[in-house]
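One letter stands for each residue in the lines below.
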Amino acid sequence: MENAKDTFYVTLRNRLAALNPNRVIILRGVQRPGILMEEAEAVVPQMPADVFVVRWTGLEVDGQLPSALAQMMCEIHYTTGGTQTNGGLDRGRALEEMDGELFSILSPNSAQKTNYTQRPAVAMETKVFWGEPQFSAMTTQRERLTRVTKVTVFAFQEQGEL
Amino acid sequence: MSTSVVTNYAVLPMLNRRVRAYFAPVNRLQQLPSIFDPSQIGEFSLDAPPAPWIDLGWIENFGRKSMSSVGSLNSGVPSIAQYQVREVTGAAVSFRFKVWNKLTMALAAGSQHMNLIQPASGGAANGSGAEGIAPAIVQAGSSSTIIALNAGDLAAFSAGCMVTVDIDYAGQTGFVGSGVSAAYVRSAAAVNNDPDYIRRVSFNVARVSQVTAGGLQLAQPLLAGAPVSGMKVQPITGFVDREGGSFFQEWSAVFVMPGEQGERVIFHYPRLQAMQGAEESSDTLAAPLERISLNASFRALPVTDSNDGEQVVCFRSFLPGSATLI
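Residue numbers (my numbering), protein chains in the order written: chain Z, 1 to 162; chain D, 163 to 488.
Derived by calculation from the structure, the hints in this document are not laboratory data.
Treat the hints with caution; some may be incorrect.
Examples of chain Z residues lying across from chain D (beta carbon under 8 Å, computed) [unchecked claim]:
hint, residue
1, 65
2, 66
3, 67
4, 71
5, 119
6, 125
7, 126
8, 156
9, 158
We treat Cβ as the ideally placed atom computed from N, Cα and C, and that holds for glycine.
Isolated chain Z (complex conformation) (with noise of 0.2 Å):
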């Protein structure tokens, strides 16, 4: 499934480069899109505002099928108190762009899947792919605003693959 999930997540963080590339985050020295796979970076202890963290949850297998298709939960949380400009006043508008963004970059619902473990990256045969978002309720906490957007993303395994 690792191969699902890095194109899944690569894809997302290309399509937020171009989409709106003053969306960055600094992570160990270096400005990178402001999407980031939270099981593949140190543990924090609050998450941090105004990107997007991807998670990963559930998974299902369909092995009744000539090739295995995986069905994995994938949880997008992003969380924003708005600007220091406005006072957090624009944390509504805020979020409000983050969820558009986020709808934005799950479109279209497909993707080459690619082994990212190799240089330069190969593209493999199948396409992952997704359903439509899930936005949930908002919450707030403090200054904050938070919403967690679960997607289901699927994927055939391919010969070799785990």
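Based on these hints, arrange chain D on the given structure of chain Z.
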């Protein structure tokens, strides 16, 4: 010379999330449907279908039904089937249009579909629209998206209005309507010899995006292309269809199921006629808000496949994805 070897082919199931519909007119006078050749244009861009196909968007509740039947010739005691015979060939297809516009509403209704011409003052009330205001003559220099008019005719139009563009009815009988056979006139008396009748049923309609000094800029191209000499334009306020009516519209259709791995299933019905009247369905968004869709149901009529002379009513094509064993 050699090419790189791909060893990772697999047999994959067809996974699909939606169906897209394309329709094209049938030339009723010459009985010529629009033929879709999947070997030539099967991989067309879904957002830019080749002419004459008109994109009617994603549809829902798509269902195909074979109405063909096979009988047996039995002999012996006890009787045992020795041969099979095809007794009936037929098919039906049904779905729901998600959006309302001239074409989706007309296709779902299946009979004459009328434009509500902006009424003249004092006209007698009528269920399918009163007598319209006087039409304006389309001038030379018009195109499918520009209607050239004399300056004195511009007052009847405004940006955002809708228009119907077609010739006058002048006593002709048979199929009428530019671009699409919109109705069949049995006699001039049946349509009151109304000079606006063809514009009333015409599919040659568009919304006006701007009124300029020289005429009307249209927000969408006219289905019949550049207006011909003798065409006139009238503003319309909407559309109307009826339960009843004797006319059957006939259309060619293509339905595309794009698969998740790049494969594509295409259903082509060269001749479809509606087999039910106007009907709607509703889906609750958040009560009491509902989304209303147009139910459509068609019977497929036959064409002759020139490859072998067989009479058929539908073609189903499969264009496999690049990673699939066939």
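Agreement of hint residue 126(Z) with chain D interface, Cβ distance less than 8 Å | holds, 5 Å
Status of the hint placing residue 156(Z) at chain D (closest C-beta pair under 8 Å) = Since the shortest Cβ distance to chain D is 6 Å, the answer is holds.
Please verify that hint: residue 67(Z), Cβ, nearest Cβ of chain D, below 8 Å or not.
-> Holds - the Cβ of residue 67(Z) comes within 8 Å of chain D, reaching about 5 Å at its closest.
With a cut-off of 8 Å, does the beta carbon of residue 65(Z) approach a beta carbon of chain D closely enough for the hint to hold?
-> It holds, given that the least Cβ distance between residue 65(Z) and chain D is near 6 Å, below 8 Å.
Residue hint residue 125(Z), partner chain D, criterion CB-CB below 8 Å | holds, 4 Å
Any CB of chain D closer than 8 Å to the CB of residue 158(Z)?
-> holds, 5 Å
Go through the hint on residue 119(Z) and say holds or violated, using the shortest Cβ distance to chain D against 8 Å.
-> violated, 18 Å
Supplied contact hint for residue 71(Z), tested at 8 Å Cβ to chain D | violated, 11 Å
Taking the least C-beta to C-beta distance, is residue 66(Z) closer than 8 Å to chain D?
-> With a minimum Cβ separation of about 4 Å from chain D (threshold 8 Å), the hint on residue 66(Z) holds.
Comparing the model with each earlier hint shows violations of hints 4, 5; every other hint is respected.
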